[in-house]
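Asker: Spelled out, the chains give:
There are 2 protein chains.
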Amino acid sequence: MDRTNLAPAQARALFRDGLATPTAGWSSGFTQANLIIVPKEQAFDVLLFANRNPKPCPILGVLEAGQTTGPLLVGGDIRTDVGRYTVYENGVLVDEPTDLSAWWRDDLVTFIVGCSFTFEAALQGAGIPIAHIEQGRNVPMYRTNRRCASAGSMAGPLVVSMRPIAADRVADAARITARYPAVHGAPVHIGDPSDLGIRDLAKPDFGDPVTVADGFVPVFWACGVTPQAAVMESRPPLAIGHAPGHMLITDARDSDYLVP
Amino acid sequence: MDRTNLAPAQARALFRDGLATPTAGWSSGFTQANLIIVPKEQAFDVLLFANRNPKPCPILGVLEAGQTTGPLLVGGDIRTDVGRYTVYENGVLVDEPTDLSAWWRDDLVTFIVGCSFTFEAALQGAGIPIAHIEQGRNVPMYRTNRRCASAGSMAGPLVVSMRPIAADRVADAARITARYPAVHGAPVHIGDPSDLGIRDLAKPDFGDPVTVADGFVPVFWACGVTPQAAVMESRPPLAIGHAPGHMLITDARDSDYLVP
Chain A
1 MDRTNLAPAQ ARALFRDGLA TPTAGWSSGF TQANLIIVPK EQAFDVLLFA
51 NRNPKPCPIL GVLEAGQTTG PLLVGGDIRT DVGRYTVYEN GVLVDEPTDL
101 SAWWRDDLVT FIVGCSFTFE AALQGAGIPI AHIEQGRNVP MYRTNRRCAS
151 AGSMAGPLVV SMRPIAADRV ADAARITARY PAVHGAPVHI GDPSDLGIRD
201 LAKPDFGDPV TVADGFVPVF WACGVTPQAA VMESRPPLAI GHAPGHMLIT
251 DARDSDYLVP
Chain B
1 MDRTNLAPAQ ARALFRDGLA TPTAGWSSGF TQANLIIVPK EQAFDVLLFA
51 NRNPKPCPIL GVLEAGQTTG PLLVGGDIRT DVGRYTVYEN GVLVDEPTDL
101 SAWWRDDLVT FIVGCSFTFE AALQGAGIPI AHIEQGRNVP MYRTNRRCAS
151 AGSMAGPLVV SMRPIAADRV ADAARITARY PAVHGAPVHI GDPSDLGIRD
201 LAKPDFGDPV TVADGFVPVF WACGVTPQAA VMESRPPLAI GHAPGHMLIT
251 DARDSDYLVP
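So the sequence lines, in the order shown, correspond to chains A and B.
The numbers in UniProt numbering rise by one with no breaks, and the one at position 19 of the first sequence is 19.
The numbers in UniProt numbering rise by one with no breaks, and the one at position 79 of the second sequence is 79.
Derived from the structure by calculation, the hints contain no laboratory data.
Warning: the hint list may mix true and false statements.
It does not matter which identical chain is used: a pair holds within one copy or between any two.
[To be verified] Pairs of lysine to aspartate or glutamate residues, derived as EDC-like cross-links and limited to a Cα-Cα distance of at most 20 Å, are as follows:
1. K55 <-> D17
2. K203 <-> E134
3. K40 <-> E233
4. K203 <-> D172
5. K203 <-> D99
6. K203 <-> E96
7. K40 <-> E64
8. K40 <-> E134
9. K40 <-> D107
10. K40 <-> E89
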């Protein structure tokens, strides 16, 4: 199976049928996204949190209460079309199902949140290698000592992803990713991890560690796991996300989010 | 009184004390904003409507349920600091008070929405005259035949403001305003009003008509009255706005919304 060239609808159909693998490298050129699903009662706080923290929480689309499909997943079903989900009750992970049939309720609102996978292809296209892809791992992600702007019940730390970039390409990486403001945009920090309260790059809070080679600088981008971290901290009765690396493959193209 | 050079807090204090005049020309360099205030029950729909229609509904700030002040009006009070308000019950205008003491409830959420006044100074600075300012009138605004993306109970037409621009400066006007994406950005339409379903420029739906001189082209921008039009159409039990031309004068600077 040539996963790189699968149409998004074909990829979603495979996950709907029970496949549960990470989506890195799938459906090249199409936008992958984070999920956060909460009851209507919490939906205003989540959307306001995203509005106040647009770098980590860029909203690409919203399915209103009970809606299971929309223009980002034409013909799809949000309850089944992601490989693996995470289910939190009162902020505690209680299930990692491959579909949401046991959890779905008609008051659930789905937020589809941008993901830095979108700009990785542009970095690679400019000859900037992506360490975690080359090393066959998930991108390393870290909670930081920076607080997001809170919104109602939603409060939490900024979560960042890290990519080691060769010192002479850091400026290019900043310039290229700045052209994708809807999917985290330019880095939030370049260099010393301790400035962000990160003690050990080898111990990410989410994802896998990657090696930072000599002559490479750690570069940090705002990460779409941030709203999941806020949900964990604010402990709503129910919240659902995607499992790390198991993204929603949407019908949007990465180029849709490139600004001139 | 030199209203042009009043600090925003000084201007707000005058309105708080009962003054009720339009704010065009006040507190030069500081951002003026539209208001839309609804009960928490409707707040998610309003915020989602804004998220789906960012050109007409750019959110500059949100005061959560019951909050009466915030960083855009430091030391101010949203219930008193606008010269005149509009109050709608079930979509019908029922009051135009100079303060909200008779209407305030602790479940009200305030949305502070960008206004094209912000880019008018930049147009004038580039030598592009603004007809309604020169003619001493409020900007003319029109309902169009374009529908906004709906969100829950919120649905309505795109409302536009119109400024006649000399034919050889239209490109400049488009370029300059495009640099203010958070306050409506580039024009949505240039030229024939009938393409937008506008039959007679001399009969605006809001504001005052202005003369379009020979050699000038009508240029249309998305307008922050759009959410008020949607509120009127969706008829929530209670909604509050600012009276046309009586804007909130915020502590933000117009330059804060200029992108490089």
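Asker: Each hint: holds or not?
Answerer: Here is how each hint holds up against the structure:
Proximity of K55 to D17 under the C-alpha cut-off of 20 Å is found in neither arrangement, the shortest distances being 34 Å within a copy and 39 Å between copies. For the homomeric pair K203 and E134, the shortest alpha-carbon distance inside one copy (19 Å) is at most 20 Å, but the shortest distance between copies (63 Å) is not. In this assembly of identical chains, K40 and E233 lie within 20 Å of each other by CA distance solely inside one copy; the values are 18 Å within and 23 Å between copies. When the C-alpha separation of K203 and D172 is checked against a cutoff of 20 Å, the pair qualifies neither within a copy, at 27 Å, nor between copies, at 52 Å.
Neither within a single protomer nor between protomers do K203 and D99 lie at most 20 Å apart by alpha-carbon distance, with minima of 30 Å and 55 Å respectively. In this assembly of identical chains, the alpha carbons of K203 and E96 never lie at most 20 Å apart, being 22 Å within a copy and 59 Å across copies at closest. Taking CA atoms no more than 20 Å apart as the test, K40 paired with E64 passes in both settings, with 8 Å inside one copy and 17 Å between copies. Taking CA atoms no more than 20 Å apart as the test, K40 paired with E134 passes in neither setting, with 41 Å inside one copy and 48 Å between copies.
Taking CA atoms no more than 20 Å apart as the test, K40 paired with D107 passes in both settings, with 6 Å inside one copy and 17 Å between copies. Proximity of K40 to E89 under the C-alpha cut-off of 20 Å is restricted to the intra-copy arrangement: shortest distance 15 Å within a copy versus 24 Å between copies.
Of the numbered hints given earlier, the model fails hints 1, 4, 5, 6 and 8; all others are met.
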